[in-house]
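Novice: Given chain A's structure and the hints, the job is docking chain B onto it.
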Amino acid sequence: MSNPDAPTAGQPSGDAGKRTGRKESVFHRLYVGTGAFDIVGKRRRWYIFFIALVLVCVGSMVFRGFNLGIDFEGGTKIQMPAAGATGTATVEQVTDVFQQAVGQPPAAVQTVGSGGSASVQIRAETLETNQVADLKKALYDRFQPLGSNGQPSEQAISDSKVSASWGGEISRQALIALIVFLVLVTVFLAVYFERWMAVSALIALVHDVVVTAGIYSLSGFEVTPATIVGLLTILGFSLYDTVVVFDKVKENTRGLLGLTRRTYGEAANLALNQTLMRSINTSLIALLPVLGLLIVGVGVLGVGTLQDLALVQLTGMLAGALSSICLATPLLVDFKMRDPAFKAQAARVAARRVNLARKAAQAAEGGAEGVESTDDESLEEELRRERAMAAAASVPARTPRAARPSGKSARTAGKRRR
Amino acid sequence: MAPPAGQIRPGRYLAVFALIVVVLYALVFFTGGGKATPKLGIDLQGGTRVTLTARSPDGADPSRESLNQARQIIETRVNGLGVSGAEVVLDGNNIVITVPGDQGDQAKSLGQTAKLGFRQVLNATAATPPASDQSGSTESSSPPASSQQPSGEQQPSGQAPSGQSPSTQPSDGTSPQGAGGSGGGAHQQADPGSSSPSTPSSTPSSTPQTSSGAPTPSADQNDQVSQEIQQAKALRQSEDPNIQQQALAMLTCSTDPEHPDPLIGNDDPNLPLVTCSEDGTAKYLLDKVFLEGSEISNAAASTNPNGPGFVVNLTFKSAGATTWADFTSANVGQQVAVVLDTKVVSAPQINQAILGGNTEISGNFNQAEAQQLANVLKYGSLPLSFASSEAETVSATLGLASLEAGLIAGGIGLALVIVYCLFYYRLLGVLTVLSLGLSGVVVYAVLVLLGRWMGFTLDLAGVAGFIIAIGITADSFVVFFERMKDEVREGRTFRSAVPRAWVRARRTILSADMVSFLASAVLYVLAVGQVKGFAFTLGMSTVLDLVVVFLVTHPLVALTARSKTLSSPKLSGLGAVRAAGNQRAASRSTAVKEA
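Top to bottom, those sequences are chains A and B.
Using the working numbering, read the first sequence as starting at 1 and increasing by one per residue.
Using the working numbering, read the second sequence as starting at 419 and increasing by one per residue.
Do not take every clue at face value.
Across the chosen pairs, the derived CB separations fall in these ranges [unchecked claim]: (1) A:R384 x B:F447: 41 to 51 Å; (2) A:L257 x B:L432: 49 to 59 Å; (3) A:R64 x B:S502: 40 to 50 Å.
These are computed hints drawn from the structure, not numbers from a lab.
Quick reminder that beta carbons are idealized off the backbone N, C-alpha and C, glycines included.
Excised from the complex, chain A in its bound form (with noise of 0.2 Å):
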């Protein structure tokens, strides 16, 4: 039941990959999987890194605090299309209407947007349904703002007024959805996969928070009911994540105790190598769309609910990527490695190898070609189950000679093929 062999862990593919591809690039290795990144060997390095990370951001959650938007003070906010019948509208013409409409100067008057959707955004303490009114009324007659039909129209400009509990409101809910579904989620991945797990994806989450929310603290982009709920969404994205790896690492790991090929960390780094090219690209195409909502909420739209989802996504699943490769494995690594029945294993594996490496050179190699997954048997048998489920097989029945490829003949193949 030997495969031919594919990337195989840390050291010995590192072998590997320089004998078979001395003249290919990162990219390339990293397309065809080859690539050999010893990341739970290094964990070392990357929890220092992690742990300065989080350090930085709670710091600056602590001291610097979040630039908290309209919904979470209260207030109210007024936008109108800037071009009128009596052409642009100006920050400075804007902020002398709202003066002598409400009496008080606004918060803030920006303009928002480009071309034909650019706007004027007016932040203010909280108005009154009928001061809103007449604000309204003296915007239209100052600016004559144009609505969707070309015309000038008072209804072009809109208005938003939040009280000051709604924020609150908004974060207290999502607060608790977010416990409820960390409960959920270890539930799920304690019976999906196993305790260790579970526990090293919920820090891997965890990690995801902090560091987002540390980022927003940081960079003082502002917080809105949208971001909390970007927030919330990038968990179930970073977790979609570190569940592949894990899925991966499972299979990997499947009766590894009664083998001594491998140790339980290089299995594990085997697994975060052949799902490496998946996580970049799951990370990737997810972040694609959020970067096309970034750039039309941003430059299109001015401030607004994409703008915002979009910005906590684009950080939340960066970090969630990063996470789940460089932090969830090894973290899990080091749990599973505190079972003295891993360790005992993991002891086997080094006096394997050592033991060996006094025989000869081509012990090394003998430790580098190794089942590349233990679940075979596993997945035969399901694959099995299926066609026998589906009296015509669902897909192609395979020919003979690939059908159940013993590493000699596929090793023949290759080389018939060469």
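Specialist: Same frame as chain A, now just chain B:
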């Protein structure tokens, strides 16, 4: 080479998917009017959204029941604004009012609690022919269906409005009138049209026009509606007896929801009022409000101690009790109207002076009717007080701009993903594009149908949810394809790699989507506000992603793998991987040879 039977299978999956699409689109086009556009939220089409948060006095969570009751009442008020497409929905402890279009500014003041008042009935007549089986108590909440006939066809006024108008009496139960006791029938009075004085006793002193609660629409905004209101006020709140009579004659009391009474909730309590009973069966000329609903300290329904049916027991606060005592003393034999949101809910007859403030309203009530009247009296109109948490008016311009921006963002995102997939996966990328496209087709249909069936509205956050879901959907393909590359790298052919990769990828896709769905579901259930739309679209896309991956992508890949031309390494982009696999194998065999 594959067994013939095997060739049918992918086709079967695709057929199932095609069937789903056909069924969905049949539903879209042939049910519910066939308008194939999803329901847009007000931030995409323009309009007003008001979020009212319930604030119970003791800080406890308000009961579902009272929230629902409040929702219904606010809905009535919103309908009273005369704008089409307005909606009132419950969201946690919040009531969210959405009014599309430009006419929604008034919705911002709909959340007030007390709009209940007592007015003296100066004149009452039948409205357009009432349904004959209407009970005298004016509580029935369902408007009669047959109320749209011309007002000329009025029935003889002797019968109608008040035949069974409930009576009011001190609640000690010993009043001689009450003792007669055969339910409401005993309290029936003669036609109030003749028994009440038909001329207003005195013209109320003129008072400032601004009412405390009524929204005052700004001058040239909501032109039509505000004009209607002004006209209605001029006519129906006039202090001139002649105009009052004219208004009374003209009033049709139509309960047609298309043409609601513009005055609802906007009447001036300090002026007389010509209005209808709640069920549209009677119309009244009422004096100004002499007692506000806020003066009621308690109201409860109980069984009638003197006969069958139920009564409502009413107590007033001290100041209210005094006013009430004065009024009932001076007006024994007259009717007093309980006016809620400009409509007369009940117009009991005053049987005797009620001095203690404890009042019993009897009539032909059944329990539900009595309870409802008690609730109305006790809570004003709303069972809870509400604070406006968020009030937002989005102009149609901004809405359109947002919609466009959302679509552009989606387009850019999709294009980027497609380019990347084509570049990276070549032929498989084409399959990705196809799958994404089909996924979009299904998503759109589901969106339209959900908007129709459960009122799901797509707002800007929802659009963002979809855009982000593009990535998640594509991720499933990536997981599958990368698994395939693993298999090919191990030396398998494209063909043989597909089933193995699928079985393994399926597991990963299922668990990953499960987590993603879990996040969305939790968010949808627990979060408030716009979050819901976002969570909903994200969760829905996740589920549909599974449908597409199982029914489209995998069968398509299987079909492709079967074709010699299509599965060539050049097209599939798997050549390099294949080569790597070979190289690896070769290098090892070399190594073995070396050894």
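Novice: Next, verify each hint and record whether it holds.
Specialist: Quick rundown of the hints versus the structure:
Our hint of 41 to 51 Å for R384 (chain A) and F447 (chain B) holds, since their Cβ atoms are close to 44 Å apart. Restraint check, L257 (chain A) to L432 (chain B): a C-beta distance of roughly 44 Å breaks the suggested window 49 to 59 Å. A hinted range of 40 to 50 Å for the beta carbons of R64 (chain A) and S502 (chain B) is consistent with their spacing of about 49 Å.
The structure does not agree with numbered hint 2 stated previously, though it agrees with all others.
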